[in-house]
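Residue numbers (numbering that gives the first Met the number 0), protein chains in the order written: chain R, 0 to 385; chain G, 0 to 220.
Do not take every clue at face value.
To be verified - Pairs of lysine-lysine residues, derived as DSSO-like cross-links and limited to a Cα-Cα distance of at most 30 Å, are as follows:
id, chain 1, residue 1, chain 2, residue 2
1, G, 154, G, 33
2, G, 111, R, 84
3, G, 33, R, 92
4, G, 154, R, 84
5, G, 98, G, 111
For the record, the hints were derived by calculation from the structure and aren't laboratory data. None of the values given here were measured: they were computed from a predicted structure.
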Amino acid sequence: MAARRYRIGVLFSDSGPYGTVSRALRNGALLAFEELRQQGSAGVDLEPVVVDPAGEPAKYPELAARLLSQGIKHVVGCYTSSSRKEVIPHFEKHDALLWYPSHYEGFESSDNVVYTGAAPNQHIIPLIEYLLAHVGRRAYCVGSNYIWAWENNRILRESLTAAGGSVVAERYLAVGETDHQKVVRSIVEARPDFVFNTLIGTSAYTFFRDLRAACTARGLAQARDIPIASCSLSEPELAEIGPHAMDGHLSSSVYFSGIESATNHGFVQTYNQLFPGGPRVSADAESAYIAVRLLAASIASAQSDNVEAVRAAVIGQRFEAPQGPVWIDPHTNHTFLTPRIGRSNPSGEFDVLYAARQPVQPDPYLVQTTPRFASGVQQGRLRVVR
Amino acid sequence: MTEPRILQNFLGYRAVIVTEAPSAVSQLEATLTKLGLSVSFARIDAGNVHLGEDVLSGHQTILFIDADINVTIEALGQDRPPQLPVIGLIGVEAPSRLKAIMRLGATATLRKPVYGGSVYSALFVGVNAFRQRRTLMLQLEEQERRRHGRRFVMKAVVALMRASGCDEDAAYDRLRRESMRQRLPIEEYCERFMRALPGAHEQTTESQGTTSTEKSKRGGT
Numbered sequence: 000m001a002a003r004r005y006r007i008g009v010l011f012s013d014s015g016p017y018g019t020v021s022r023a024l025r026n027g028a029l030l031a032f033e034e035l036r037q038q039g040s041a042g043v044d045l046e047p048v049v050v051d052p053a054g055e056p057a058k059y060p061e062l063a064a065r066l067l068s069q070g071i072k073h074v075v076g077c078y079t080s081s082s083r084k085e086v087i088p089h090f091e092k093h094d095a096l097l098w099y100p101s102h103y104e105g106f107e108s109s110d111n112v113v114y115t116g117a118a119p120n121q122h123i124i125p126l127i128e129y130l131l132a133h134v135g136r137r138a139y140c141v142g143s144n145y146i147w148a149w150e151n152n153r154i155l156r157e158s159l160t161a162a163g164g165s166v167v168a169e170r171y172l173a174v175g176e177t178d179h180q181k182v183v184r185s186i187v188e189a190r191p192d193f194v195f196n197t198l199i200g201t202s203a204y205t206f207f208r209d210l211r212a213a214c215t216a217r218g219l220a221q222a223r224d225i226p227i228a229s230c231s232l233s234e235p236e237l238a239e240i241g242p243h244a245m246d247g248h249l250s251s252s253v254y255f256s257g258i259e260s261a262t263n264h265g266f267v268q269t270y271n272q273l274f275p276g277g278p279r280v281s282a283d284a285e286s287a288y289i290a291v292r293l294l295a296a297s298i299a300s301a302q303s304d305n306v307e308a309v310r311a312a313v314i315g316q317r318f319e320a321p322q323g324p325v326w327i328d329p330h331t332n333h334t335f336l337t338p339r340i341g342r343s344n345p346s347g348e349f350d351v352l353y354a355a356r357q358p359v360q361p362d363p364y365l366v367q368t369t370p371r372f373a374s375g376v377q378q379g380r381l382r383v384v385r
Numbered sequence: 000m001t002e003p004r005i006l007q008n009f010l011g012y013r014a015v016i017v018t019e020a021p022s023a024v025s026q027l028e029a030t031l032t033k034l035g036l037s038v039s040f041a042r043i044d045a046g047n048v049h050l051g052e053d054v055l056s057g058h059q060t061i062l063f064i065d066a067d068i069n070v071t072i073e074a075l076g077q078d079r080p081p082q083l084p085v086i087g088l089i090g091v092e093a094p095s096r097l098k099a100i101m102r103l104g105a106t107a108t109l110r111k112p113v114y115g116g117s118v119y120s121a122l123f124v125g126v127n128a129f130r131q132r133r134t135l136m137l138q139l140e141e142q143e144r145r146r147h148g149r150r151f152v153m154k155a156v157v158a159l160m161r162a163s164g165c166d167e168d169a170a171y172d173r174l175r176r177e178s179m180r181q182r183l184p185i186e187e188y189c190e191r192f193m194r195a196l197p198g199a200h201e202q203t204t205e206s207q208g209t210t211s212t213e214k215s216k217r218g219g220t
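Please put together the full structure from these sequences, using the hints given.
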């Protein structure tokens with residue numbers, strides 16, 4: 000008997016300022032669809048319906064509404080938090096499920112979203128712990144001027160302050176801004192222990208090149224003297240940075256393409272066969288791949304794409320992903336994932352420096368790690384009175 | 000007294016929800032649990048809400064009160080200043096309901112049916128606004144107490160000038176130094192100083208009951 004066919008929306012941008020990452024997400028999802036088609040034995044036939052918002056914020060809700068009005072119940076999609084927040088009301092209205100594969104800053108847990116990317120306790124907290132243990136305590140923060148950077152910098156500042164460290168400066172640039180001369184000069188003068196980078200897309204790539212060039216001009220070895228640490232810097236982005244500045248950067252991610260396992264080798268091989276033109280395989284591709292595989296297993300288990308049935312079915316799924324075993328936390332709809340720290344090498348990949356021993360429970364609201372009180376309010380300071 | 004720090008992590012806090020329509024707040028309960036709070040519903044019995052003294056004392060407790068029911072207003076008492084943060088659950092946006100929730104001390108509101116995405120904001124603003132307001136009230140109380148005590152300072156300065164022949168500044172310095180040595184506010188020290196003088200009873204009878212430095216020390220969320 001032929002398996003019943005279900006149409007699944009795929010909502011990623013093919014172009015725009017973060018097109019490279021977004022294409023990696025889309026490719027990961029398409030790889031899973033293709034793999035399921037070839038296997039044929041998964042008991043479920045999924046047909047991807049691909050739409051492209053081209054990086055335009057207004058297109059996301061418009062295309063999401065169009066997919067859902069066609070009776071589609073499940074959409075894998077979105078990269079930025081702003082696009083996710085734009086589409087969620089449509090998923091609630093139609094009682095549909097968004098399978099959101101990007102790492103993000105947390106503080107959300109919608110019943111209409113399944114989150115397969117890293118929550119903040121799975122990327123920024125391990126990175127801060129690594130930096131404090133191995134790099135230093137003086138940070139210079141550079142980020143794109145939006146929620147991802149603001150929130151990550153808040154978490155960094157609180158963790159550093161608690162550990163007796165400090166933030167030398169916090170600078171924000173408009174998304175897409177590529178003139179970094181002023182901030183690069185300021186960094187080289189300040190000589191922080193590390194730069195914490197939350198720039199995205201083209202802004203980030205030019206920043207890596209500019210800081211490397213400025214350091215080289217002053218006789219500094221940037222990767223050694225002022226290393227750049229990022230949450231989620233990925234392999235396709237190293238390629239965008241280019242061969243002269245792609246090495247020596249620290250990244251926190253639940254997946255690197257160099258993970259040694261048979262499952263991962265198979266995943267990388269299939270990906271490279273399907274998408275020879277890139278972008279290179281990355282955490283984003285793996286996360287979207289996980290989303291589709293968990294969705295397929297849940298639909299197969301529920302024997303339906305009914306949202307309530309799938310939501311219940313996904314709880315019991317455990318998937319052997321390229322990064323290792325993953326499963327959904329029933330309390331938050333986020334995924335158990337394995338944090339890792341990598342350092343980029345001249346071949347455009349990451350050497351894994353650290354990996355958690357087992358998958359870590361997602362904590363999107365950081366209730367287990369955030370200090371009770373916000374930092375930044377100066378009080379209780381003593382001064383000498385003569 | 001310094002400005003209260005901004006509270007951002009509510010792990011271990013307790014939320015008590017007062018409503019007759021639990022289905023309208025299912026998302027509130029679910030989201031509060033995700034945020035690390037324990038959630039319970041207050042018992043409503045024949046129009047009365049039963050909030051134990053442990054709830055009203057307010058340690059790490061936040062009250063969510065449905066503005067669409069009347070019982071809560073009687074249960075808490077309208078004249079009593081809130082000792083714990085109150086967040087109003089708004090159904091009908093009518094002035095009478097909003098006024099009722101204001102009089103209960105609400106510092107934030109949530110619309111019913113409650114949407115999960117708005118809970119953390121209401122919690123954050125509601126609790127921190129409560130903490131700021133409580134600090135301001137305690138500061139006001141402290142200032143009022145000190146203002147009341149200033150007349151004893153004046154009396155003590157005059158008495159000391161008469162007794163020792165020193166000038167006003169010297170008298171004040173001596174009183175201030177002695178109050179610091181005894182670790183008392185100067186107002187309180189001067190009141191005690193005046194009481195200790197011969198014939199002090201007549202001078203200070205009208206001031207009884209105004210010296211407690213313990214007044215401003217209160218616990219709570």
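Checked hints:
no. : hint          : verdict
1   : 154/G to 33/G : violated (59 Å)
2   : 111/G to 84/R : holds (20 Å)
3   : 33/G to 92/R  : holds (23 Å)
4   : 154/G to 84/R : violated (66 Å)
5   : 98/G to 111/G : holds (17 Å)
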